[in-house]
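Participant: In order, the protein sequence lines correspond to chains U and R. The opening residue of the first sequence carries number 1 in this note's numbering; numbering runs sequentially from there. The opening residue of the second sequence carries number 1 in this note's numbering; numbering runs sequentially from there.
Think of the hints as simulated: they come from the structure by calculation, not from any bench. Do not take every clue at face value.
[Stated by the list, open to error] With the Cβ distance kept under 8 Å, some of the chain R side facing chain U (calculated, not the full set):
hint	residue
1	LEU8
2	ILE88
3	VAL92
4	SER98
5	ASP102
6	ASN112
7	PRO153
8	GLY243
9	VAL246
All residues carry an ideal CB built from backbone N, CA and C; glycine is no exception.
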Amino acid sequence: MKLNRRKLLSLIGVSPAVLAGTPAFADDKKKKAAAPAVITQPKLEAINPKGMPPSVALVPMAPRLDSLDGKTIFLVSDGFAGADRFLAQIALWFQKNMPSVKTVYRLKAGSYFDDDPKLMAEMKASGNAMIMAYGH
Amino acid sequence: MQVEKMGLPTAPLVTIAFVGLARSNAASRGMPHERICFLPHPMTNKSDEEMYKVLEGNDPVSNKPLMPEIIAALTVPLTAEEKKTGSISPDVGPATFSGTQDELQRLYCDNNLTDFMPIILPTEEKVEAMLKGTSHKPDEVIGKLSAAQGAQPSWTFTVRHVAINAVMAGASPEHLPVILAISSTGQPSLFSSTSSFTRMVMLNGPISDQIKMNYGIGAMGPFAEPNAVIGRAWTILSKNLGGCGVPGLSYLGTLGSNFNYNNLCIAETENRLPDGWKPFHVQKGFKADDSVVSIFSGWSLNNIAWFSALKYNDVIKNWLTHFFSFGTGAATVMLDPTIAREAKDMGYNSKEELCDYWSKNTKTPAWLYWDTHRGELKQAQDGVEPYASYLKMGDADIPFQRFYRRGRPGAPPPPDAAANPKSSIELIVLGGETNTYFAGGDFSYVTSASVDKWR
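All chains, please: the whole structure from these sequences, using the hints.
Facilitator: What follows is the structure in structure tokens.
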């Protein structure tokens, strides 16, 4: 069966009109040939789209310890994979290299974003410092 | 940081992939000099021996020996900067920018204020026109937006801020109430997670026809202006009104998602729902003549037709059993109306009945079950039933129904979960009925908001 071009384009879902160009496009080409080479754009004033980030209250850090000798360090995992195993290796390192340091492993309750008041209270009562591993 | 506030020195350990995030997070919470120690990335796949070797090596950022650095973080006296109090107001730049059309397009693009496609420049005139799309005052505070609530700063924004971003996305005033409703949920389209979350927004109620949303042929494609610009506006406003989408700081998705350009902005094909099937917003407690946006969160979608004698209730049941992605416990299924009618003819008188059938009858591939139920594996090895019997089944699908809401692993289950388990499958009907396709993926329902409130 012989197909003409128009029929073929219709069968593949393309209107033959799209390949013919439009009068407006043709006119535009003519205009371009005659137009001056430099087009100056007017200046505009556009609005900054940013919202309002919160102001930040600076928090002083906690005083540091004189040394870790005889101190209790909490090793806290945020629950992401791998943090627990890595903290176990830190505990092992202290055992081998600084045996006077006591380490206590804890998994923080809740998600990465959540506070764990129970753990905070425990650390305040019996800890001297914290090493926290964030996983990944 | 809470621990530092409590008076205990800390040494946070973070892998090198998150240097920017860790430092910006510390700064945005008021402790810009927090003594963060860095590790190689990734750590999760290392053996115990390899992890110990990391401790004997250097911090890859400071290049100093790691363990002495951790000890120093806890013991070296504070500097004056580290003791500082007061407050800092983040600078978001001037109120307006001046330049030619081309210069401003470049400026907005270079400053991460867009989705990197050309925008409509938000001039005062265009923003004023946009604000005519709502009865609300321009300075009304809508709420807060954050790349991750609790972990990233929460920005505040007003009706006018949303209107500015709506102009940029190419929206019209008639679209503004929908965009305001989306923003009122406080849900960003760009979530900070490494997992490259995708969000989806669906319209229900009279608004869909009023603004001419496409829910027919190509309902999920680029075939209508409101679907395109409303979805786009969500991403642009998430960047500008929530500080989202800054790679390495507030966006960590390792692969990213192309869906984020438009956030799968769809409308349910309510006029082709089978008799008795409720539109999605009515399922969620709204009235049929309410106009509502609903937000979903997930990662991926499959697009499937199955031409055999097997009926679609079971085709989809089998797909749900074997569908595997990062989200393993929730799904959203989008049915072309032809499949919805087939289901109705089979006797499913509501979406809920069909979702219930799927939740009750889907199973879990053996590898997936054991990989996500380590505790049960131990019990199975100790002979505890039913896990011991599951283990004897080898590679066969385990009769564990994973599409029920059971709460987060480790968290207590919802009070009535055991007595009245709720399907975690959502069902949407949309499409143009040109074939019996369905789309399904790991999206879960997040929330809905009234559009009418923002008219």
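Participant: Does PRO153 (chain R) meet its interface restraint, that is, does its C-beta lie within less than 8 Å of any C-beta in chain U?
Facilitator: PRO153 (chain R) check passes; min Cβ-Cβ to chain U is 5 Å, inside 8 Å.
Participant: Against chain U, with CB atoms and a cut of 8 Å, does the hint on GLY243 (chain R) hold up?
Facilitator: holds, 6 Å
Participant: With 8 Å as the cut and Cβ atoms as the points, is VAL246 (chain R) at the interface with chain U?
Facilitator: Violated, about 12 Å.
Participant: Going by Cβ atoms only, is LEU8 (chain R) closer than 8 Å to chain U?
Facilitator: holds, 6 Å
Participant: A closest beta-carbon separation below 8 Å is what the hint needs, so does ILE88 (chain R) meet it against chain U?
Facilitator: OK, holds: ILE88 (chain R) within 8 Å of chain U, min 5 Å.
Participant: Against chain U, is VAL92 (chain R) within 8 Å by beta-carbon distance?
Facilitator: OK, holds: VAL92 (chain R) within 8 Å of chain U, min 4 Å.
Participant: Can you verify the interface hint for ASN112 (chain R): is its Cβ closer than 8 Å to any Cβ in chain U?
Facilitator: Violated - the Cβ of ASN112 (chain R) stays beyond 8 Å from chain U, reaching only about 11 Å at its closest.
Participant: Less than 8 Å between beta-carbons is the criterion; does SER98 (chain R) satisfy it with respect to chain U?
Facilitator: holds, 5 Å
Participant: Does the nearest C-beta of chain U fall within a distance shorter than 8 Å of the C-beta of ASP102 (chain R)?
Facilitator: Hint on ASP102 (chain R): holds, closest Cβ of chain U at ~6 Å, below 8 Å.
Consistency with the previously given hints fails for numbers 6, 9, ordered from lowest to highest.
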